[in-house]
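Chains Z and L supply the protein sequences, listed in that same order.
Quick note on our numbering: the first sequence kicks off at 82 and runs consecutively.
Quick note on our numbering: the second sequence kicks off at 82 and runs consecutively.
In short, the hints are calculated from the structure, not lab data.
A few chain L residues that face chain Z, going by a derived Cβ cut-off under 8 Å, partial list only: (1) Gly100; (2) Leu106; (3) Leu107; (4) Leu109; (5) Val211; (6) Pro213; (7) Val215; (8) Ala220; (9) Pro228; (10) Leu229; (11) Ser231; (12) Val235; (13) Leu236; (14) Val238; (15) Pro242; (16) Gly254.
Note that the structure is predicted; figures quoted are calculated from it, not measured.
For every residue, glycine included, the Cβ atom is placed at its ideal position computed from N, Cα and C.
Protein chains: 2
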Amino acid sequence: MGMGETVTSPGTLYGVGVGPGDPDLLTLKAVKVIAQAPVIAYPAAEGADSLARAIAAPHIPAGRTEIAVVTPMVPGRFPANDLYDSYATEIAGHLAAGRDVAILCEGDPFLYGSFMYLFLRLAEDFPTEVVPGVSSLAACAAVAGAPLVSRNQVLTVIPGPLDAAELETRLAGSEAAAIMKVGRHLPKVRAVIAKLGRLDRAQYVEHATMANQKVLPLAKAPDTAPYFSMILVRSPEEVEVLEDRS
Amino acid sequence: MGMGETVTSPGTLYGVGVGPGDPDLLTLKAVKVIAQAPVIAYPAAEGADSLARAIAAPHIPAGRTEIAVVTPMVPGRFPANDLYDSYATEIAGHLAAGRDVAILCEGDPFLYGSFMYLFLRLAEDFPTEVVPGVSSLAACAAVAGAPLVSRNQVLTVIPGPLDAAELETRLAGSEAAAIMKVGRHLPKVRAVIAKLGRLDRAQYVEHATMANQKVLPLAKAPDTAPYFSMILVRSPEEVEVLEDRS
Numbered sequence: 082m083g084m085g086e087t088v089t090s091p092g093t094l095y096g097v098g099v100g101p102g103d104p105d106l107l108t109l110k111a112v113k114v115i116a117q118a119p120v121i122a123y124p125a126a127e128g129a130d131s132l133a134r135a136i137a138a139p140h141i142p143a144g145r146t147e148i149a150v151v152t153p154m155v156p157g158r159f160p161a162n163d164l165y166d167s168y169a170t171e172i173a174g175h176l177a178a179g180r181d182v183a184i185l186c187e188g189d190p191f192l193y194g195s196f197m198y199l200f201l202r203l204a205e206d207f208p209t210e211v212v213p214g215v216s217s218l219a220a221c222a223a224v225a226g227a228p229l230v231s232r233n234q235v236l237t238v239i240p241g242p243l244d245a246a247e248l249e250t251r252l253a254g255s256e257a258a259a260i261m262k263v264g265r266h267l268p269k270v271r272a273v274i275a276k277l278g279r280l281d282r283a284q285y286v287e288h289a290t291m292a293n294q295k296v297l298p299l300a301k302a303p304d305t306a307p308y309f310s311m312i313l314v315r316s317p318e319e320v321e322v323l324e325d326r327s
Numbered sequence: 082m083g084m085g086e087t088v089t090s091p092g093t094l095y096g097v098g099v100g101p102g103d104p105d106l107l108t109l110k111a112v113k114v115i116a117q118a119p120v121i122a123y124p125a126a127e128g129a130d131s132l133a134r135a136i137a138a139p140h141i142p143a144g145r146t147e148i149a150v151v152t153p154m155v156p157g158r159f160p161a162n163d164l165y166d167s168y169a170t171e172i173a174g175h176l177a178a179g180r181d182v183a184i185l186c187e188g189d190p191f192l193y194g195s196f197m198y199l200f201l202r203l204a205e206d207f208p209t210e211v212v213p214g215v216s217s218l219a220a221c222a223a224v225a226g227a228p229l230v231s232r233n234q235v236l237t238v239i240p241g242p243l244d245a246a247e248l249e250t251r252l253a254g255s256e257a258a259a260i261m262k263v264g265r266h267l268p269k270v271r272a273v274i275a276k277l278g279r280l281d282r283a284q285y286v287e288h289a290t291m292a293n294q295k296v297l298p299l300a301k302a303p304d305t306a307p308y309f310s311m312i313l314v315r316s317p318e319e320v321e322v323l324e325d326r327s
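The following block holds chain Z by itself, in its conformation from the complex (with noise of 0.2 Å):
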């Protein structure tokens, strides 16, 4: 190197899992990510807040960089990849520069999150941590009051988007199951679960943790659900301990 060049040492990239919704539910490691990191990135959907950005927002200090990863909402599709090529490189500009940025992520970075996408085109190049947080599988299970699985159950965490087949397939196959992702699937996933004979131990959550949470049993959930709604489907045993208890 000449005279009056000076090594940065590049930033971190943090995945930070910003839990299911109550912004209690943020872990201390996520709170002292963020209270120190000078960039802050979310997902948004084209159009709307960024949810991940509102749970944490107790949490940001002001006057930090921030950057909205814009991703529109096609139903089926999953972003174009040179959308997240760009925003990538727009981060990697920081921290090549020596800033850390925390990317947060609701609920765990690496259960079905978006996180991946820009995970899978940086952390080659930085130091990245992940920093897991509470699930919305977890929340779920603990706002819908029973235990997911217990002993030696097996469970299985279905995509509500799957098509009728597949998810029959994977259902039938199952113990205690839980369909994530539900949305404009619910009236297919019901009817599949329906089908299975298994409507009696389904439960439908939307929203768990937040100030709009619903629990209800999946035979009288609306046929239109959020994006951020459930089903937890308990194994046979399980419903059989719960209702021995009353």
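Chain Z is already provided as a structure; the job is to place chain L on it using the hints.
Chain L only, in chain Z's frame:
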């Protein structure tokens, strides 16, 4: 009621997830609940310290009533009912007297937690709230440095104590999988994964987020694993994406 009688509102039973090990992975809510509960209970294996208490230790004020729920560790057997009956009676006494009781749980209370044994005995009779926590599942994925599941992949969570034939059936029908409570079952689980030709996509994680954390390819894991260990098997699709970036 006659003169001189007073009515005491019962205390609240809290099931508090304290996360996977790093005390900074407690949620703000867990810290608040622990700070105000006059009675703190936690599981402890006979002859060993309580891991849940150790994780929460920096947040437990001095002078609280503490109840160690001590259970014998008999491989392959779940603790006897009368043991939990006796602890439930002790805890019910505090709740009836108007004292909140916080039961600390490793990870998340409703994902294979022993909390369920006390929950089933007390939740009918006393106000109960579950504070979800960061699960060992989320923690292992975070320290292993790759998504558990993304897009529309299915995740199967399988207890290691299942017998080899059952493990094989469950794994054969799965895409991404997490095998929990591995411990002394490691050689059996590894043999099944090898038989299915998935050794190259399996990682072994022990004591995630703790000082003695280990992350290894499953092929290189030791034969004797601690109870708090897990095996992550990626979906073939995820492995392809992860390899594409290098």
